[in-house]
Amino acid sequence: MQTITSQAIAAMIDHAVLTPTSTGSDVEAACRLCVKYRTAGICVRPSDVAAAAELLADSSVKVGTVIGFPHGTTSTAAKTAEAEQAALDGCHEIDMVLNIGRLLSGNLIYVESDIAAVTAVARRAGLLIKVILEAYYLDQAQKKIACAICSDLGVDFVKTSTGFAGGGATVADVHLMRTHCPESVAIKASGGIRDLDAALAVIACGATRIGTSSTEKIIRTAQQREQDGQLRPMTLAEALLRHERRKG
Numbered sequence: 003m004q005t006i007t008s009q010a011i012a013a014m015i016d017h018a019v020l021t022p023t024s025t026g027s028d029v030e031a032a033c034r035l036c037v038k039y040r041t042a043g044i045c046v047r048p049s050d051v052a053a054a055a056e057l058l059a060d061s062s063v064k065v066g067t068v069i070g071f072p073h074g075t076t077s078t079a080a081k082t083a084e085a086e087q088a089a090l091d092g093c094h095e096i097d098m099v100l101n102i103g104r105l106l107s108g109n110l111i112y113v114e115s116d117i118a119a120v121t122a123v124a125r126r127a128g129l130l131i132k133v134i135l136e137a138y139y140l141d142q143a144q145k146k147i148a149c150a151i152c153s154d155l156g157v158d159f160v161k162t163s164t165g166f167a168g169g170g171a172t173v174a175d176v177h178l179m180r181t182h183c184p185e186s187v188a189i190k191a192s193g194g195i196r197d198l199d200a201a202l203a204v205i206a207c208g209a210t211r212i213g214t215s216s217t218e219k220i221i222r223t224a225q226q227r228e229q230d231g232q233l234r235p236m237t238l239a240e241a242l243l244r245h246e247r248r249k250g
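Take any residue in the sequence shown, count from 1 to its spot, add 2: that is its number in my numbering.
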């Protein structure tokens, strides 16, 4: 990517409204913000899907929600029920958390069947499905295994994080996920992406969707740089170097 625009960045963002303290007024304000900046979507709690769908009915903003969130520990039956209800409420996209404990235990049959069941609901309902790995808890081998399972099942996206663990998206994780998934599976980076440079770094590593609650800050910074003639994409080398410096 040799050039980038503020609108292209906005079109990669899923604005997140997932904290337990978010009110109905917060959801309404978030929907207005998404329309204003023409974000890809909004990601709300399951109980907020119907309201968001109504508020965004005349816009291009996609309504997303979370399944088995944030720990991935609900039963497969509960996850499929959540997905079915989300579809009935007007959802377009679902972000499900895989069963982290089962993956850490090596019970890959369970992990695969859990994702497969929710993916089947998504396909029947015409929903786009993203699978959250919660990479913070996984070692490199487990991340690769999760990517392989998701790729074999044909999910639409793999996603780094919920934003509710001890750490969020890292450029190293995004790069690993992009390397170990086919092009048919896109990458969503989420968790801790609070400024434009963090967004540009994960984009450089292969993310095409970004989950953040810092949407307005990121886009306004991009618009200002664009106006000043200083907005440019980050290279992969720059993103990885930035990561190493921040680790140090």
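Among the hints, erroneous ones may be present.
The calculated SDA-like cross-link candidates involving lysine to any residue, where the alpha carbons are at most 25 Å apart (straight line), are [stated by the list, open to error]:
hint : residue 1 : residue 2
1    : LYS219    : GLN232
2    : LYS146    : GLY92
3    : LYS38     : ASP28
4    : LYS146    : LYS219
Pair by pair, the computed Cβ-Cβ distance ranges are [unchecked claim]:
hint : residue 1 : residue 2 : range
5    : THR210    : ARG126    : 23 to 31 Å
6    : GLY128    : THR23     : 27 to 35 Å
7    : GLU228    : SER107    : 24 to 32 Å
8    : SER77     : GLU185    : 29 to 37 Å
9    : ARG248    : GLN142    : 13 to 21 Å
Derived from the structure by calculation, the hints contain no laboratory data. The C-beta atom is built at its ideal place from N, Cα and C for all residues, glycine as well.
Outcome of the hint check:
Taking the CA atoms of LYS219 and GLN232, the gap is about 17 Å. The hint holds against a cut of 25 Å. This hinted pair does not check out: LYS146 and GLY92 have alpha carbons roughly 33 Å apart, beyond 25 Å. A C-alpha spacing of about 15 Å is found between LYS38 and ASP28, which places the hinted pair at or below 25 Å, so the restraint holds. Using a Cα cut-off of 25 Å, the hinted pair LYS146 and LYS219 is violated, with the two alpha carbons roughly 33 Å apart.
Between THR210 and ARG126 the beta carbon distance is about 25 Å. The supplied range of 23 to 31 Å therefore holds. Between GLY128 and THR23, the C-beta spacing of about 32 Å keeps the proposed range 27 to 35 Å intact. For GLU228 paired with SER107, a C-beta distance near 48 Å fails the hint of 24 to 32 Å. At about 33 Å, the beta-carbon gap between SER77 and GLU185 stays in the expected band of 29 to 37 Å.
Remark: the range hint 13 to 21 Å for ARG248 to GLN142 is upheld by a beta-carbon distance near 19 Å.
In this structure, the hints that do not hold are numbers 2, 4, 7, in rising order.
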